[in-house]
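*Asks:* Letter by letter, the chains look like this.
There are 2 protein chains.
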Amino acid sequence: MSVDAIRHAADLLRGHRESIDRLDAILVFTLAERFKHTQAVGVLKAQHGLPPSDPARESVQIARLERLAEQADLDPEFARKFLNFIISEVIRHHERHLENGPAVTGGPTQTQGD
Amino acid sequence: MSVDAIRHAADLLRGHRESIDRLDAILVFTLAERFKHTQAVGVLKAQHGLPPSDPARESVQIARLERLAEQADLDPEFARKFLNFIISEVIRHHERHLENGPAVTGGPTQTQGD
Chain A
1 MSVDAIRHAA DLLRGHRESI DRLDAILVFT LAERFKHTQA VGVLKAQHGL
51 PPSDPARESV QIARLERLAE QADLDPEFAR KFLNFIISEV IRHHERHLEN
101 GPAVTGGPTQ TQGD
Chain B
1 MSVDAIRHAA DLLRGHRESI DRLDAILVFT LAERFKHTQA VGVLKAQHGL
51 PPSDPARESV QIARLERLAE QADLDPEFAR KFLNFIISEV IRHHERHLEN
101 GPAVTGGPTQ TQGD
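Chains as they are written, first to last, in the numbering used here: chain A, 1 to 114; chain B, 1 to 114.
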């Protein structure tokens, strides 16, 4: 392979990585914003005695994410796994909140991704 | 608790969930865009005989994500876990690509999040 071809490949690689870095920044800030909302939901539910879990909401969320994933040409199975990953992080946050904050109705295992 | 207070809480809850749904759409489309780039990187590396793994790149990515997470008031540990989650999905994609496509230098375990 010529030096030019290698240089061209390296330039293309750099361009993709710069895009990936920008997209990662979007992901981090979007996730941070999402957690602010789930934290607010957790406080709201605790303050108003609302049930922590809402299975109907969760199944609507999963179906919607799968539909969005299809539109975006993203593996729907990955979208499901991603939601589960986020939900377990929300649960971890709520658990920490329960440890540090006032007692609320229902256990952390009933908490969901909101 | 009065009916009004419950209604107010339900309105707030709905608002947060609508925000969460919009943020989830951003996440899905951003992830889809990110995977397009990592797929292109995988093809590029295979075509040009570039090594699939780049530990220096990965440690820079992790340090950067932790810094971004701090700026965004997101748990840096979560940012790390998130990158690992994404990387394992990229590896799964590359494995599928290796199964279906031509042989490339290095195994899928050497692949990274690009």
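No lab work stands behind these hints: they were computed from the structure. Only a predicted model underlies this, so the values are computations on that prediction, with no experimental measurement involved. We treat Cβ as the ideally placed atom computed from N, Cα and C, and that holds for glycine. Take these hints with a grain of salt, some might be off.
[To be verified] Pairs of lysine to any residue residues, derived as SDA-like cross-links and limited to a Cα-Cα distance of at most 20 Å, are as follows: (1) LYS81/B - GLN71/B; (2) LYS36/A - ARG80/B; (3) LYS36/A - LYS36/B; (4) LYS36/B - GLU58/A; (5) LYS81/A - GLN71/B; (6) LYS36/A - SER2/A; (7) LYS36/B - ALA46/B; (8) LYS81/B - ALA46/B; (9) LYS36/B - GLU66/A; (10) LYS36/B - ASP54/B; (11) LYS36/A - SER53/B; (12) LYS36/A - SER19/A; (13) LYS81/B - PHE85/A.
[Said to hold, decoys possible] To be clear about the criterion: a stretch of chain B counts as covered by chain A if any three or more of its residues have a C-beta under 8 Å from a C-beta of chain A, and this derived list gives those stretches: (14) 18–31; (15) 37–48; (16) 54–67; (17) 79–92.
*Asks:* LYS36/A and SER53/B: Cα distance at most 20 Å?
*Replies:* Not satisfied, since the Cα-Cα distance of roughly 35 Å exceeds 20 Å.
*Asks:* Does the structure keep LYS81/B and ALA46/B at a Cα separation of 20 Å or less?
*Replies:* Not OK: LYS81/B and ALA46/B at ~27 Å, beyond 20 Å, violated.
*Asks:* Would you check the hint for LYS36/A and SER2/A, treating anything up to 20 Å between C-alpha atoms as holding?
*Replies:* 51 Å, violated
*Asks:* Is LYS36/B within 20 Å of ALA46/B, Cα to Cα?
*Replies:* Distance ~16 Å between LYS36/B and ALA46/B Cα, so the pair holds.
*Asks:* Taking only the CA atoms, is the gap from LYS36/B to GLU58/A under or equal to 20 Å?
*Replies:* 28 Å, violated
*Asks:* Taking a Cβ-to-Cβ distance below 8 Å as contact, does the stretch 18–31 of chain B have at least three residues touching chain A?
*Replies:* Our answer is that it holds, as 12 residues pass the Cβ test (under 8 Å) against chain A, meeting three.
*Asks:* Taking 8 Å as the Cβ threshold, is the statement that the stretch 79–92 of chain B is covered by chain A upheld or broken by the three-residue rule?
*Replies:* holds (count 6)
*Asks:* Can you take a look at whether the stretch 54–67 of chain B is actually covered by chain A? Rule is 3+ residues, C-beta closer than 8 Å.
*Replies:* The restraint on the stretch 54–67 of chain B holds, since 4 of its residues have a Cβ under 8 Å from chain A and three suffice.
*Asks:* Starting from LYS36/A, check that the Cα of SER19/A is at most 20 Å away, please.
*Replies:* 26 Å, violated
*Asks:* Does LYS81/B pair with PHE85/A here, judged by a C-alpha cut-off of 20 Å?
*Replies:* Cα-Cα ~10 Å, so holds.
*Asks:* When you check the alpha-carbon spacing of LYS81/B and GLN71/B, does it fall within 20 Å?
*Replies:* Status holds; Cα separation ~17 Å.
*Asks:* Within the stretch 37–48 of chain B, is the number of residues with a Cβ closer than 8 Å to a Cβ of chain A three or more?
*Replies:* holds (count 8)
Consistency with the previously given hints fails for numbers 3, 4, 5, 6, 8, 11, 12, ordered from lowest to highest.
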